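*Asks:* Spelled out, the chains give:
There are 2 protein chains.
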Amino acid sequence: MTLIDGIPADVVSANDRGLLYGDGVFRTLKRAEGVSLYWARQYRKLVADCAALHLSCPAAAVLEADLERLPRDCVAKIIVTRGLAARGYAVLPDALPTRIVTSSPLPLYPRSHYTMGVKVHLCGLRLASQPRLAGIKHLNRLENVLARMEWDDPAIAEGLLLDAAGDVIEGTMSNVFCYRAGVLHTPDLSCCGVAGVQRERMLEFAAESGMAVRVGKLPLDRLMEAEEIMLCNSVIGVWPVREFNGRVWDKGGVAVRLRQLMEDRDD
Amino acid sequence: MTLIDGIPADVVSANDRGLLYGDGVFRTLKRAEGVSLYWARQYRKLVADCAALHLSCPAAAVLEADLERLPRDCVAKIIVTRGLAARGYAVLPDALPTRIVTSSPLPLYPRSHYTMGVKVHLCGLRLASQPRLAGIKHLNRLENVLARMEWDDPAIAEGLLLDAAGDVIEGTMSNVFCYRAGVLHTPDLSCCGVAGVQRERMLEFAAESGMAVRVGKLPLDRLMEAEEIMLCNSVIGVWPVREFNGRVWDKGGVAVRLRQLMEDRDD
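Read top to bottom, the protein sequences are chains A and B. All residue numbers for the first sequence refer to the working numbering, where the first residue is 20 and numbers rise by one. All residue numbers for the second sequence refer to the working numbering, where the first residue is 20 and numbers rise by one.
Among the hints, a few may not be true.
Any copy, or any two copies together, can satisfy a pair, since identical chains are not distinguished.
Lysine to any residue pairs mimicking SDA-like chemistry, simulated, CA-CA at most 25 Å apart [what the hints assert, rightly or not]: (1) Lys49 with Asn34; (2) Lys96 with Pro27; (3) Lys138 with Ser228; (4) Lys96 with Asp29; (5) Lys96 with Arg261.
The hints are simulated quantities; they were obtained by calculation from the structure and are not laboratory data. Being a predicted model, the structure only gives us computed values, none of them experimental.
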């Protein structure tokens, strides 16, 4: 099911700035039993991302009405683009955004991804530093596409990306956390990466549960010394990392605890 | 006139990777009296850009047939995307590229842009360094969009962009050259920027005409000391810069000579 500006359709104008320039933002979220999970946060993030690109964001009620028309259990994707273009990069003052709301089936990940953990590839591609776009889930995703092309072994569930300095930033489709000496670490995303809603929840709920959390630089060798590594996003939830960059982790107590914490809350 | 995979239409699938991820490349070229200018070069560049992103490039004859159906005098745009997506960044092995060939009217630039030169804004946005994407005319153009938003004064014809180190890279829609002490300089684009076909022609023809040319780092203060600054792309041709960053240039002999050189050749 796809709705373009609220109307069932599966095509957009070939002159949409989303296509021409990747001029737009998106959200991926899970619908379960008719509920769009963590919707208040998802919408807050959409508003913030639109504001960062000076895009006008559809009203919450409009998007909620669209989401209600999707299957009760699915992955929902919301795209907001800057709408139609004249020739050239300049924005027409009267441009109306295009909103695309679409569903796809919930992916079936192996249970072992949650219990045993996943195998992760270290990507060769390094993320560029662009503070003006960092954190935003925008439609310029060629770095993710190129990074994802680096492996086709189905046993590998994700790839981790570093920045040019060699610091760990994120997965191609997830945020990364690690646990060491009583502290939960996740990379600072002020120069590159996407700051996901699940990352925000993890930081918030872990802190509320009394865990020490730290957002900052995360050099690769620091990650390799972690007692546990975890990946998260709004669809997968939390996956422990079992194998990465030549090391195997078999302990997963913190990941289990965090996953429980995330599943127990609906906000 | 817009052709999608050779068929007159003005919409593309909402599931096209060009829209979802900016996963594609494009070319903008001028058609004059039924001729697609510098087509051999334009096609070579399209092939190279597709190869850099592991995209399959349509055959020259297929694109030529599309171009022939556009107006005899127009701006033609060719977009090649990676086609339809499954959910996620991974590329389907059997994905067929989408090709979009579209026309827009030739823009009417004031004659004074060529004779007197143009006023240029110094952009505050700094281009990110990404060697894997540098030089390629891909669909991830949010930096250009944000840079173009920095001014709305119609007297300003273009904005110049620096990289994070403060070196001059390009205009939002053009490449930049400067002339000083007998040498024509243009920035190295191995870390950011788009290496346009008109830039390639300028480098080649200037060298053939006996001018010393140099591709390398171009710090802003070096640009400010230039005797002349020029902008070029396949639609505008060559514009001298008259006003930029607080300085005015009124000499334009080299720009006139180069423009003549570019117009005299049809390759």
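*Asks:* Can you list which hints this structure breaks, lowest number first?
*Replies:* Hint check: 3 and 5 fail, others pass.
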